[in-house]
Amino acid sequence: MTTLYTSDHEWLRIEGDVATIGITDYAQSQLGDVVFVELPKVGRSLKKAEAAAVVESVKAASDVYAPITGEVIEVNEALAAEPALVNSDAGGKAWFFKLKISDKGELGGLMDEAAYAAHTA
Amino acid sequence: MRAHENSPLKQTPLHALHLARGAKMVPFAGYDMPVQYTAGVLKEHLHTRKDAGLFDVSHMGQLVLKAKSGKVADAALALEKLVPQDIVGIAPGRQRYAQFSNNDGGLLDDLMVANFGDHLFLVVNAACKEEDEAHLRAHLSDACEIVSLADRALIALQGPKAESALAKLCADVSSMKFMDAGPRRVADIDCFVSRSGYTGEDGFEISVPADKAEVLVTALLDNPDVLPIGLGARDSLRLEAGLCLYGHDIDTTTTPVEGALEWSVQKVRRSGGARAGGFPGADKILAQFTDGAARRRVGLKPDGRAPVREGASLFADATSAEPIGKVTSGGFGPSLNAPVAMGYLPTALSAVGTTVFAEVRGQRLPLKVAATPFVPNTYKR
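From first to last, the protein sequence lines are chains B and S.
Quick note on numbering: the numbering used here labels position 4 of the first sequence as 4, and the sequence is numbered without any gaps.
Quick note on numbering: the numbering used here labels position 263 of the second sequence as 263, and the sequence is numbered without any gaps.
Hints listed in this document are in silico derivations from the structure and should not be mistaken for laboratory results.
Cβ coordinates follow ideal geometry from the N, Cα and C atoms, glycine included.
Wrong hints could be hidden among the right ones.
[Claimed, not checked] Taking lysine-lysine pairs in the BS3-like style, the calculated list, with each CA pair at most 30 Å apart, reads:
{"id": "1", "chain 1": "B", "residue 1": "K41", "chain 2": "B", "residue 2": "K100"}
{"id": "2", "chain 1": "S", "residue 1": "K81", "chain 2": "S", "residue 2": "K212"}
{"id": "3", "chain 1": "B", "residue 1": "K41", "chain 2": "S", "residue 2": "K368"}
{"id": "4", "chain 1": "S", "residue 1": "K212", "chain 2": "S", "residue 2": "K66"}
{"id": "5", "chain 1": "B", "residue 1": "K48", "chain 2": "B", "residue 2": "K104"}
{"id": "6", "chain 1": "B", "residue 1": "K41", "chain 2": "S", "residue 2": "K326"}
{"id": "7", "chain 1": "B", "residue 1": "K41", "chain 2": "S", "residue 2": "K267"}
{"id": "8", "chain 1": "S", "residue 1": "K267", "chain 2": "S", "residue 2": "K68"}
{"id": "9", "chain 1": "S", "residue 1": "K368", "chain 2": "S", "residue 2": "K50"}
{"id": "10", "chain 1": "B", "residue 1": "K93", "chain 2": "S", "residue 2": "K368"}
{"id": "11", "chain 1": "S", "residue 1": "K177", "chain 2": "S", "residue 2": "K380"}
{"id": "12", "chain 1": "B", "residue 1": "K93", "chain 2": "S", "residue 2": "K43"}
{"id": "13", "chain 1": "S", "residue 1": "K368", "chain 2": "S", "residue 2": "K168"}
{"id": "14", "chain 1": "S", "residue 1": "K68", "chain 2": "S", "residue 2": "K81"}
[Unchecked claim] What follows is a set of in silico ranges between Cβ atoms, one per label pair, in the way DEER data are often shown:
{"id": "15", "chain 1": "S", "residue 1": "P323", "chain 2": "B", "residue 2": "A81", "range": "29 to 35 Å"}
{"id": "16", "chain 1": "S", "residue 1": "L9", "chain 2": "B", "residue 2": "A81", "range": "27 to 33 Å"}
{"id": "17", "chain 1": "S", "residue 1": "T355", "chain 2": "B", "residue 2": "E15", "range": "17 to 23 Å"}
{"id": "18", "chain 1": "S", "residue 1": "L336", "chain 2": "B", "residue 2": "M111", "range": "37 to 43 Å"}
{"id": "19", "chain 1": "B", "residue 1": "E113", "chain 2": "S", "residue 2": "D303", "range": "23 to 29 Å"}
{"id": "20", "chain 1": "B", "residue 1": "E50", "chain 2": "S", "residue 2": "G311", "range": "32 to 38 Å"}
{"id": "21", "chain 1": "B", "residue 1": "V18", "chain 2": "S", "residue 2": "L221", "range": "32 to 38 Å"}
{"id": "22", "chain 1": "S", "residue 1": "L221", "chain 2": "B", "residue 2": "A117", "range": "33 to 39 Å"}
{"id": "23", "chain 1": "B", "residue 1": "A117", "chain 2": "S", "residue 2": "T378", "range": "46 to 52 Å"}
Go ahead and model the full structure; you've got the sequences and the hints to work with.
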């Protein structure tokens, strides 16, 4: 299992041909208290860089982009009932959605943990 | 509203204190202002409703209007040429909400007017303060002196524990009622204090000399009941209280009637009143009092959990092509734990309980017209 990161502060956990995607702890700290999360529909095909989900704080709405191309195979329904999970456990329980990876070649453009740490430093 | 993007940001006298307290600063109306502190918008909002919050609103304009005759009634009569409110009727030591109207019946700004005995004290919005001062000078200079109090800070202390916190520094304030206003000694500093605010909570607004602002604010923040609150929570608090934000919920294209601010226009300035009309746009505004207006500002409660924000188009049903109105303020109400909004709708569709739809990210979300304030106010009447 590998964890990769985007410059837009998303993480991807890669297991076989499935990527679980969420936003980083740094991202949640910048957003502030999350009050609403809108997730993509299961079965939707997402292109890399397409708006996939929305995370809203008291103040503002922010898009979460698909970091890679793929089909949505599962979404985290727990976020609808408890959006604050994004603040309390961004890297764990607050995953957003799972993608069936279309092109593993796209993973090459993402950051590993050390590169992401340098990116947010 | 003036675009300030090209000039360097101004700082309030409390700028260093904001930075020392971990504020996240953002540009607002030409000033570098705290949008939130370390607690964050949600906790700051809830703390203000439960205990007390302290806001720096020094970016707002403070003006003195003094009649050359020396009589406050003459200053009041002069100001009535620019606002649809009863200014003459503001008793000494009292304050009233007002608006500057334009010739189309729209609003140039909204403001607070206090009678300080021998002059009027005005507080106007930051983004409009230069224009407001120029407007006053252009129309009232023959009868009045207009003095901008640029050397004063302005803070707001809001919430159920505001009175006990301020009373430690000025015993006098406990006897003040909502919209009482006047000079007071606070922590041995010459201040102007009014029992008013922009949160729906009981509380005070305190004008303090700029060089004493930090001393006063530090003394207030020494009280564990009081936390500093940023502009983020100021906005969510006023939205829950159903209060208009100038430039958003009211502007040069909205009249007091369209803006559901009829309560702010006293009978004496309406048709049949002793001083009816005589302000810019009076024909249109007074005709709307008689005939009604085509559209109206309403409170809106989304049925779901998704916030519906400013700019969202409103529709009569889930499929109609033509928008019927627009959301002018919207977000999440932390005290309601639900999204809230305000916007304009055709008057025929403005009754409480009416369902309309907002377009958000390509979807039509149902909302219901709701009475405001969304959260009951707790003013000390």
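For each hint, the structure was consulted:
1. B/K41 to B/K100: With a Cα-Cα distance of about 14 Å, the restraint between B/K41 and B/K100 holds, given a limit of 30 Å.
2. S/K81 to S/K212: Distance ~35 Å between S/K81 and S/K212 Cα, so the pair is violated.
3. B/K41 to S/K368: Answer holds: B/K41 to S/K368 is near 26 Å, not above 30 Å.
4. S/K212 to S/K66: holds, 25 Å
5. B/K48 to B/K104: holds, 12 Å
6. B/K41 to S/K326: holds, 28 Å
7. B/K41 to S/K267: violated, 56 Å
8. S/K267 to S/K68: Between S/K267 and S/K68 the Cα gap is close to 28 Å, so the pair holds against 30 Å.
9. S/K368 to S/K50: Holds: S/K368 and S/K50 sit about 28 Å apart, inside 30 Å.
10. B/K93 to S/K368: violated, 34 Å
11. S/K177 to S/K380: holds, 5 Å
12. B/K93 to S/K43: holds, 23 Å
13. S/K368 to S/K168: violated, 44 Å
14. S/K68 to S/K81: Distance ~16 Å between S/K68 and S/K81 Cα, so the pair holds.
15. S/P323 to B/A81: 29 to 35 Å: holds, 32 Å
16. S/L9 to B/A81: 27 to 33 Å: Given a distance of about 41 Å, which is not inside 27 to 33 Å, the answer is violated.
17. S/T355 to B/E15: 17 to 23 Å: violated, 44 Å
18. S/L336 to B/M111: 37 to 43 Å: holds, 40 Å
19. B/E113 to S/D303: 23 to 29 Å: Violated - the Cβ-Cβ distance for B/E113 and S/D303, about 42 Å, lies outside 23 to 29 Å.
20. B/E50 to S/G311: 32 to 38 Å: violated, 22 Å
21. B/V18 to S/L221: 32 to 38 Å: With a Cβ separation near 50 Å, B/V18 and S/L221 fall outside 32 to 38 Å, so the hint is violated.
22. S/L221 to B/A117: 33 to 39 Å: This hint holds: roughly 35 Å between Cβ atoms.
23. B/A117 to S/T378: 46 to 52 Å: Given about 47 Å between the Cβ atoms, the range holds.
Of the numbered hints stated above, those contradicted by the structure are hints 2, 7, 10, 13, 16, 17, 19, 20 and 21, listed in ascending order.
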